[in-house]
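Student: Sequence:
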Amino acid sequence: LMQGDRIETWVFPLNGDNDPGDPVWREQIRKGVGPKRFVEISQVSGVQAAHIVNKHKIHVLIDLVGYTGGGERANEVFASRPAALQTSYMGFCASTGAPYMQHMIADRVVAPPEYRAQFSERLMLLPYSYFCNDHRQQPAWADIPSAAVSRSMHSELPKEGILLACFNQLYKMDPPVFDVWMQVLKSNPNTYLWLLKFPPVAVENIKKEAQKAGVEEHRVVFGNTLPKKEYLERGALADLFLDTPLVNAHTSATDILWAGVPMVTTGRESMISRVASSLCLAAGRPEMVAINLQEYQSLVNQLVGKGTEASSGLVSLKAATLRSKHASPLFDTQLWVKHLDASLLMAWDSLVALQRTGQDFHVIVRATC
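Counting from 161, one number per residue, gives the positions in the sequence shown under the working numbering.
To be clear, the hints were calculated from the coordinates, so they are not data collected in a lab. Keep in mind that this is a model prediction, so the values were computed, not measured. Honestly, I wouldn't trust all of these hints.
To be verified - Dumping the calculated DSS-like pairs for lysine-lysine here, alpha-carbon to alpha-carbon at most 30 Å: (1) 319 / 215; (2) 498 / 215; (3) 389 / 498; (4) 388 / 478; (5) 346 / 319; (6) 332 / 466; (7) 485 / 466; (8) 367 / 478; (9) 357 / 217; (10) 357 / 368; (11) 319 / 367; (12) 466 / 372; (13) 389 / 332; (14) 372 / 191; (15) 372 / 388; (16) 478 / 346; (17) 466 / 498; (18) 215 / 191; (19) 388 / 332; (20) 357 / 372; (21) 478 / 332; (22) 388 / 485; (23) 372 / 346; (24) 389 / 367; (25) 215 / 388; (26) 332 / 346; (27) 357 / 466; (28) 478 / 196; (29) 498 / 346; (30) 346 / 191; (31) 357 / 388; (32) 466 / 191; (33) 389 / 357; (34) 319 / 389; (35) 388 / 367; (36) 478 / 319; (37) 332 / 368; (38) 367 / 346; (39) 217 / 191; (40) 357 / 319.
Full structure from sequences and hints, please.
Tutor: See below:
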């Protein structure tokens with residue numbers, strides 16, 4: 161949480177204590193900011209919530225919801241303009257197009273200069289990746305990957321062969337990337353595609369499409385969703401993670417990189433298709449980012465190799481991915497907070513300059529290490 165001489169953090173939760181989300185995180189946030197600055201707005205309308213925010217004289221209000229599920233009240237709050245500076249972050253991975261949203265937090269990869277015209281907001285560009293995670297600060301996840309977890313503990317997994325995994329929600333697949341996956345499987349008989357039943361209703365259709373493509377049914381396997389730690393432990397059994405270019409892995413990408421599994425991704429023009437590239441670059445692994453889908457397929461084939469064991473290139477990349485957990489900026493949450501603090505202060509200075517001169521600015525934060 162952001163704290164300091166110039167920044168004081170307030171939280172206005174739209175969901176109450178009975179929300180099905182993680183109550184542990186909610187309580188940690190409440191303790192972190194203190195009860196005075198944890199102001200419930202879950203039982204009031206969006207307009208009433210905006211009055212509450214305004215009464216507390218909030219300078220910068222950050223929207224973590226956008227147009228995602230349950231975002232209607234959040235939009236009412238922000239449309240009422242209760243704060244002088246309003247910023248979009250994380251929840252909705254695109255421009256809001258809203259006249260009441262002055263800034264959006266991003267980075268140079270998800271929002272490169274040539275695509276800035278796609279954003280109605282002024283951009284607050286953080287160094288490395290804009291995407292925040294807390295993996296390094298979770299004691300329960302410190303021993304992942306775990307030598308105590310093996311394929312034999314999961315009945316859906318083959319005893320041998322190369323496991324090519326994608327743990328994204330199944331809607332993120334599109335025909336072009338699915339076709340690439342099928343070509344990889346057919347070219348490399350030692351490989352298996354490992355997906356999640358996420359949602360289960362899609363499983364049979366995917367199996368049918370794989371068979372139409374000439375891939376044996378047993379070479380596309382599905383796992384159940386699991387609690388976070390078990391999910392991370394099982395995910396570490398994958399040899400290579402295959403990303404979906406249409407809508408990238410976001411949290412799933414940080415999870416798999418924390419588990420020490422290398423990935424292959426490629427981006428398109430939209431912000432939502434460039435997040436995994438941002439994460440791989442912040443992890444110090446640019447070799448995981450392909451220029452296009454053709455290079456993506458070539459890179460996967462190169463890493464897979466032809467035997468039942470992982471290629472030397474894949475073994476080396478996996479070792480490098482494991483080292484990145486502790487050496488790269490991607491999992492340095494405290495460094496990310498410093499950069500966010502700097503961006504908020506600069507955004508406020510930008511607002512002051514706008515009021516004085518009529519000129520508005522993007523905010524670009526230089527890396528502090």
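Student: Does each hint hold? Answer for all of them.
Tutor: Comparing the hints with the structure gives:
The suggested pairing of residue 319 with residue 215 is violated, with an alpha-carbon distance near 61 Å, which exceeds 30 Å. Our distance criterion of 30 Å between C-alpha atoms is met by residue 498 and residue 215, whose separation comes to about 28 Å. Distance restraint check for residue 389 and residue 498: the Cα-Cα separation of roughly 28 Å lies within the 30 Å cut-off, and the hinted pair is therefore satisfied. Simply put, residue 388 and residue 478 have alpha-carbon atoms about 21 Å apart, close enough for the 30 Å limit, and the pair holds.
Restraint check for residue 346 and residue 319: satisfied, since their Cα atoms lie roughly 19 Å apart, inside the 30 Å limit. Under the criterion of a C-alpha separation no larger than 30 Å, the hint pairing residue 332 with residue 466 is consistent with the structure, at around 28 Å. Straight-line distance between C-alpha atoms of residue 485 and residue 466 comes to about 29 Å, which keeps the hinted pair within the 30 Å bound. Of the supplied pair hints, the one linking residue 367 and residue 478 holds, its CA atoms being roughly 29 Å apart against a limit of 30 Å.
For the hint linking residue 357 to residue 217, the alpha-carbon distance of about 46 Å lies beyond 30 Å, and the restraint is violated. Distance restraint check for residue 357 and residue 368: the Cα-Cα separation of roughly 15 Å lies within the 30 Å cut-off, and the hinted pair is therefore satisfied. Distance hint between residue 319 and residue 367 is fulfilled; the C-alpha atoms sit about 20 Å from each other, no more than 30 Å. In summary, the hint linking residue 466 to residue 372 is supported, as the alpha carbons are separated by about 24 Å, within the 30 Å threshold.
Proposed proximity of residue 389 and residue 332 is supported: the alpha carbons are some 23 Å apart, at most 30 Å. Using a Cα cut-off of 30 Å, the hinted pair residue 372 and residue 191 is violated, with the two alpha carbons roughly 54 Å apart. In summary, the hint linking residue 372 to residue 388 is not supported, as the alpha carbons are separated by about 34 Å, beyond the 30 Å threshold. This hinted pair checks out: residue 478 and residue 346 have alpha carbons roughly 24 Å apart, not beyond 30 Å.
Straight-line distance between C-alpha atoms of residue 466 and residue 498 comes to about 45 Å, which puts the hinted pair past the 30 Å bound. Distance restraint check for residue 215 and residue 191: the Cα-Cα separation of roughly 22 Å lies within the 30 Å cut-off, and the hinted pair is therefore satisfied. For the given pair, residue 388 sits about 21 Å from residue 332 by alpha-carbon distance, which is consistent with the 30 Å threshold. Proposed proximity of residue 357 and residue 372 is supported: the alpha carbons are some 20 Å apart, at most 30 Å.
For the hint pairing residue 478 with residue 332, the CA-to-CA distance comes to about 25 Å; that is within 30 Å, so the pair holds. Our distance criterion of 30 Å between C-alpha atoms is met by residue 388 and residue 485, whose separation comes to about 18 Å. Using a Cα cut-off of 30 Å, the hinted pair residue 372 and residue 346 holds, with the two alpha carbons roughly 12 Å apart. Taking the CA atoms of residue 389 and residue 367, the gap is near 28 Å; set against the 30 Å cutoff, the hint holds.
Restraint check: the Cα-Cα separation between residue 215 and residue 388 comes to about 38 Å, which exceeds 30 Å; the hinted pair is violated. Of the supplied pair hints, the one linking residue 332 and residue 346 holds, its CA atoms being roughly 22 Å apart against a limit of 30 Å. Our distance criterion of 30 Å between C-alpha atoms is met by residue 357 and residue 466, whose separation comes to about 28 Å. Annotation: proposed proximity of residue 478 to residue 196 is violated, straight-line Cα distance about 46 Å (limit 30 Å).
Restraint check for residue 498 and residue 346: the C-alpha separation of about 47 Å exceeds 30 Å, so the hint is violated. The suggested pairing of residue 346 with residue 191 is violated, with an alpha-carbon distance near 53 Å, which exceeds 30 Å. Distance check on the hinted pair: residue 357 and residue 388 sit about 15 Å apart at the alpha-carbon level, within 30 Å; holds. Under the criterion of a C-alpha separation no larger than 30 Å, the hint pairing residue 466 with residue 191 is inconsistent with the structure, at around 53 Å.
Taking the CA atoms of residue 389 and residue 357, the gap is near 18 Å; set against the 30 Å cutoff, the hint holds. For the suggested pair residue 319 and residue 389, the alpha carbons sit about 22 Å apart, so the restraint of at most 30 Å is met. Distance restraint check for residue 388 and residue 367: the Cα-Cα separation of roughly 26 Å lies within the 30 Å cut-off, and the hinted pair is therefore satisfied. Between residue 478 and residue 319, the direct Cα distance comes to roughly 20 Å. Compliance with the 30 Å bound is thereby established for this hinted pair.
This hinted pair checks out: residue 332 and residue 368 have alpha carbons roughly 18 Å apart, not beyond 30 Å. Note on residue 367 and residue 346: the hinted pairing holds, with a Cα-Cα distance of about 15 Å set against a maximum of 30 Å. Between the alpha carbons of residue 217 and residue 191 the distance comes to roughly 22 Å, so the proposed pair stays at or under 30 Å and holds. Note on residue 357 and residue 319: the hinted pairing holds, with a Cα-Cα distance of about 20 Å set against a maximum of 30 Å.
Hint check: violations occur at hints 1, 9, 14, 15, 17, 25, 28, 29, 30, 32; the rest are consistent with the structure.
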